[in-house]
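Asks: Please build the complete structure, drawing on both the sequences and the hints.
Here is what each chain is made of, one letter per residue.
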Amino acid sequence: MTQWERFLDTFFKWDVIVQYLPAIGRGFVVTCELAVLVVICGISLGLILALIRSYQIKIINFFIICLVDILRSLPPLVLILLFYFGLPNVGLNFSGFMVVILVLSFVLGAFAEEIFWAGITSIHKGQWEASRSTGLGYSQTLVYVILPQAIRMTIPPLTNRTIAITKNTALGMVVGVGEILNQATIAQSFSSNASPLMMGAIAYVLLFVPIVYLGRRIETRFAWKKN
Amino acid sequence: MEQIIQQFFNIGIMIEAMPIVWRGLGMTLMLSAAVIPLGLMGGLGVALLGDSRFALVRFLVIIYVDFFRAIPPLVLLIFIHTGLPFAGIRMSPFTSVCLAFLLNNSAYYGEVYRAGIESIGKGQTEAARSTGLSRFQTMIYVILPQAVRNVLPDLISNTIEVVKLTSLASVVALPELLYSSDMARSISYNASPIVMAAIIYLIILWPSVRILSRFEQKLATS
Chain Y
1 MTQWERFLDT FFKWDVIVQY LPAIGRGFVV TCELAVLVVI CGISLGLILA LIRSYQIKII
61 NFFIICLVDI LRSLPPLVLI LLFYFGLPNV GLNFSGFMVV ILVLSFVLGA FAEEIFWAGI
121 TSIHKGQWEA SRSTGLGYSQ TLVYVILPQA IRMTIPPLTN RTIAITKNTA LGMVVGVGEI
181 LNQATIAQSF SSNASPLMMG AIAYVLLFVP IVYLGRRIET RFAWKKN
Chain R
1001 MEQIIQQFFN IGIMIEAMPI VWRGLGMTLM LSAAVIPLGL MGGLGVALLG DSRFALVRFL
1061 VIIYVDFFRA IPPLVLLIFI HTGLPFAGIR MSPFTSVCLA FLLNNSAYYG EVYRAGIESI
1121 GKGQTEAARS TGLSRFQTMI YVILPQAVRN VLPDLISNTI EVVKLTSLAS VVALPELLYS
1181 SDMARSISYN ASPIVMAAII YLIILWPSVR ILSRFEQKLA TS
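Protein chains in written order, with the numbering used here: chain Y, 1 to 227; chain R, 1001 to 1222.
A portion of the hints provided could be inaccurate.
What the hints assert, rightly or not - Within a straight-line C-alpha distance of at most 20 Å, the following computed EDC-like cross-link-like pairs (lysine to aspartate or glutamate) qualify:
1. Y:Lys125 with R:Glu1216
2. Y:Lys58 with Y:Asp69
3. R:Lys1218 with Y:Asp69
4. R:Lys1164 with Y:Glu219
5. R:Lys1122 with R:Asp1066
It should be emphasised that the hints constitute simulated quantities derived from the structure, not laboratory data. Note that the structure is a prediction, hence the values are computed from the model and not measured.
Replies: Have a look at this one:
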């Protein structure tokens, strides 16, 4: 067997690929579900926290800042293990799927809050004053005047962060969620062949390369402009 | 409440787990000391190649960066650690982690440097070149020092992410902070060791996160 044939036999063995394609496909669906749920929950959470923070209530802001800082300092895997193995002991039973969604949504929410907040504070004070003087209330000013401008500036950093955190769905493997990586490693150990893992890697590339590319486009289009 | 303290903040178990968690911390610090410089240098290489004169090289760099930004680092690590042995390439867990991190982080750091280099006006290059500096000298002595200053917050933020990422090494049984404390958890049937690890991560990373937050807010309001 030549080197090349050996390489193909190890990473692209046709029988193995055909046999485990359905499993990887199922994993692909689970990863997509996780990703969509995390993105929706995380970004909404971040936006809500940033809005609450803009009301400048001292005690609430203190809690938000602490929560955000803690979530930004801890590796997501630590939180996943803590939730998955710790919570059942106090009577809270979550499936691995739920734990991954909870933890990643919290983490994305924390980063998104910080990004939205930076966007809100970057809007010039004159905008607030002008819109308040036309008779809009505080909340109206926030929603109709400040946010539309702030969100535009937050899109590039937010896309990058969202991609990075969504990729963490692979951590679901550690708590037995049947996503791509988990299916691929199981298939690898059954078939004693690296092809399933290669398929898994390709599945991730198929899923994320378009998003990374889109992120790059968005970044150049909405480039963070300084006034 | 008592149950929560018993399960998550059990001082007795924490003290018992202390030596093993402490060794884990040592490994995490060693790992960080290895992968951060590797990533910083790899990223610099990627950024310099991305600024190459040859369109083909630039194109390949974009493919490299997008590819490694699309692959979750855990997938890369598992591929290197459990996939490559099938092809006869065997590495220790530590080397696997270093290699995976080098590939992944150089793409991320490369993007950060690139943003910095792009933030420097063309006039700088032209002025430096016209004084007789070569392309390479211009990059090293004129562009990079300014570029790095401009993207310092992003470099710090990325480095924090790298330190957090070292926790992935637990999946390939490298006895770093998370692996050690998870082992202590499985022996004691109690989540306190992991809480202890979380507190240690907080102590290491919170100051940098706070400084970074200040930095970003200042930039946004300036």
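Asks: The structure should be examined with respect to each hint, and the outcome stated for every one.
Replies: Going down the list of hints, with the structure as the test:
With a C-alpha separation of about 18 Å, the suggested pairing of Lys125 of chain Y with Glu1216 of chain R holds against the 20 Å cut-off. Between Lys58 of chain Y and Asp69 of chain Y the CA atoms are separated by roughly 16 Å; this keeps the pair inside 20 Å, and the hint holds. Between Lys1218 of chain R and Asp69 of chain Y the alpha-carbon distance is near 17 Å, which keeps this suggested pair within the 20 Å criterion. Pair hint Lys1164 of chain R plus Glu219 of chain Y does not hold up; C-alpha atoms about 25 Å apart against a cutoff of 20 Å.
With a C-alpha separation of about 26 Å, the suggested pairing of Lys1122 of chain R with Asp1066 of chain R is violated against the 20 Å cut-off.
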